[in-house]
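Using the sequences and the accompanying hints, generate a full structural model.
Protein sequence lines correspond, in order, to chains A and B. The opening residue of the first sequence carries number 120 in the numbering used here; numbering runs sequentially from there. The opening residue of the second sequence carries number 847 in the numbering used here; numbering runs sequentially from there.
Please note that a few of the clues may not be correct.
[What the hints assert, rightly or not] Covered stretches of chain A, as calculated for chain B (at least 3 residues, CB under 8 Å): (1) 322 to 333; (2) 338 to 347; (3) 357 to 369.
Calculated from the structure, these hints are not laboratory results. Please read all numbers here as calculations on a predicted model, not as lab measurements. Each residue gets a CB set at the ideal place from its N, CA and C atoms; glycine is no exception.
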Amino acid sequence: MPNGNLDFERPLVELESRIEELRRFTKEKGIDLSAEIATLEKKAAELQKEIYDNLTPGQRVRLARHPKRPLALDIIKLVFEEFTELHGDRLYRDDQAIVGGLAFLEGIPVTIIAEQRGRDTKENIARNFGMPYPEGYRKALRLMKQAEKFGRPVITFIDTPGAFPGLEAEERGQAEAIAVNLMHMSRLQVPIVVVVLGEGGSGGALAIGVGDRILMLENAQYSVISPEGCAAILWHDASFANEAAAALKITAKDLMELGVIDEIVPEPLGGAHRDATQTAANIKEAVLRNLQDLLKIDVKTLLEQRYAKFRKMGVFYRRKSADAESEG
Amino acid sequence: MPTLKDFFRSKPKYVTVHPIGKQEKREIPDGLWVKCEECGNLLFNKELERNMMVCPKCGYHYRVSARFRIAGICDEGTFQEFADDLVTADPLGFPAYPEKIRAAQEKTGLPEAVICGTCEIEGFPVVLAVMDFSFIGGSMGSVVGEKVTLAIEKALEEKKPLIIVSTSGGARMQEGILSLMQMAKTSAAIGKLNEAGGLYISVLANPCTAGVMASFASLGDIIIAEPKALVAFAGPRVIEQTVREKLPPGSHRAEFLMEHGLIDLIVDRRDLKETLAKLLRFHAPAQVGGGKADA
Ligand SMILES: [Zn+2]
Chain A
120 MPNGNLDFER PLVELESRIE ELRRFTKEKG IDLSAEIATL EKKAAELQKE
170 IYDNLTPGQR VRLARHPKRP LALDIIKLVF EEFTELHGDR LYRDDQAIVG
220 GLAFLEGIPV TIIAEQRGRD TKENIARNFG MPYPEGYRKA LRLMKQAEKF
270 GRPVITFIDT PGAFPGLEAE ERGQAEAIAV NLMHMSRLQV PIVVVVLGEG
320 GSGGALAIGV GDRILMLENA QYSVISPEGC AAILWHDASF ANEAAAALKI
370 TAKDLMELGV IDEIVPEPLG GAHRDATQTA ANIKEAVLRN LQDLLKIDVK
420 TLLEQRYAKF RKMGVFYRRK SADAESEG
Chain B
847 MPTLKDFFRS KPKYVTVHPI GKQEKREIPD GLWVKCEECG NLLFNKELER
897 NMMVCPKCGY HYRVSARFRI AGICDEGTFQ EFADDLVTAD PLGFPAYPEK
947 IRAAQEKTGL PEAVICGTCE IEGFPVVLAV MDFSFIGGSM GSVVGEKVTL
997 AIEKALEEKK PLIIVSTSGG ARMQEGILSL MQMAKTSAAI GKLNEAGGLY
1047 ISVLANPCTA GVMASFASLG DIIIAEPKAL VAFAGPRVIE QTVREKLPPG
1097 SHRAEFLMEH GLIDLIVDRR DLKETLAKLL RFHAPAQVGG GKADA
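Pasting the structure below:
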């Protein structure tokens, strides 16, 4: 097996390579080991269920950042037809940490916006490890406005450690770029479906994350601050990231309970990286179903519902009553 | 509503001042004289107060409370607070959060990090929201997001100009993803106000960063900053720690933002009320011969 397996995956990976060995042995030596193989396979399935049914939030964070986890372009290729990338913000440059373009989803023309990491070091440098600059967000907005003009729905895919925190990003107005996207996405006159694929890193994720339906892969995470960042502030030690991940409530299940997302998209057992095709099929089913619902709603109602969706997020009390006022 | 005069009468024994660039929080004893932490000049304490906590020698703007700012902006006796009955919850059961809130309330005498109200500025009725950095770094959780949204919606309903004075370290970590969503909520409300043609003036006080800066604070029709205010998405410390970039002097300051075309005006705190009134006058219905019209 190639490198990049997580420690809690290792017993399973080892078991799987033993099964692989027995199979090869059977083939090469012509000895029937099917009984042994069946036993080990049963054991592997049990082990897999045991591991993945009991993941801690910290382990889920590592799955969400798994080196083999399918990236946005992998998923786009499997979900849509004829994806055609469109480049640039028309102002400064083409930020490759965000890809955008046109595609068909079962015959429906859509605009796609996605945060894209690199698979290797070279690509990661080109894509700035999936951390967009302001021009990335401005490209996204340009393409969303284009979608609005032509009445195309928008599908966005979130996967970023965060918006890039560098001096040049400040010079070009990182905060402004994010804020403007939040405002315009909340008023965009076409349906928007958001899918959180891997890591939803704070404002850099939200900047393409305002929509009518927010879907989230089972092992994805979405957080106001990285667990490491939170641990550094709270425990003065980034190695408390697991504790921070639990405290911050960043898993798909947590976000569902907090009313921030609408639907959890199931991953194949063991995580999206173990079967990208199945993962994409699950995403396609969920996106298509939600989009078909949204396409039935008139624009005015759509925008009212979108406003109300975010309007009710947050939990607080009123002094006179002891009950929580609003829970998204 | 306390006026500026009342504020001075009831001021605490110690005035906390936080000079830019220095992380340690020193308190200046409320004696007759203070030494400006920026320029080192000895100042008569009353003189600093008369100058709205701006050093008369070097122009350094000391950090002040939301109540202090309100008193300095509003016409006397016109400020009427609303949404002051919202109380912070602990939706995540986050370690030590209720204690942190209680300590902040005791320290500041405020229920949360923003105060909202209606008032008049040189006779112009407006909706005003002012943040307070001393309340957990002016961080935005559910209550701040809700109150700011209520202020925006009130400006929309009552067709009044909106002024928000923002000072914040960003989203409130202890409310997790719900804090992040306040950025979307407030920005969506500004989007509605925009479509209705409402005026929104955003005033950035030192410091204004992260989640607040990446939402409503950046969305003003006109954006004003206090001189030398630290304004950023990611502050200099974040950049130095994560990207290990060497930063030129003055980066992330109001003047740097002005140079890069990101803000409209830099206004001395002592001139803020007059500037706001002037801007409101430009947006009031035109009257032949000038003069102040009702907004
Ligand atoms: Zn001075």
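Quick rundown of the hints versus the structure:
1. 322 to 333: holds (count 5)
2. 338 to 347: holds (count 4)
3. 357 to 369: This one holds; 4 residues, not fewer than the three required, reach chain B with a Cβ under 8 Å.
In this structure, every one of the numbered hints holds.
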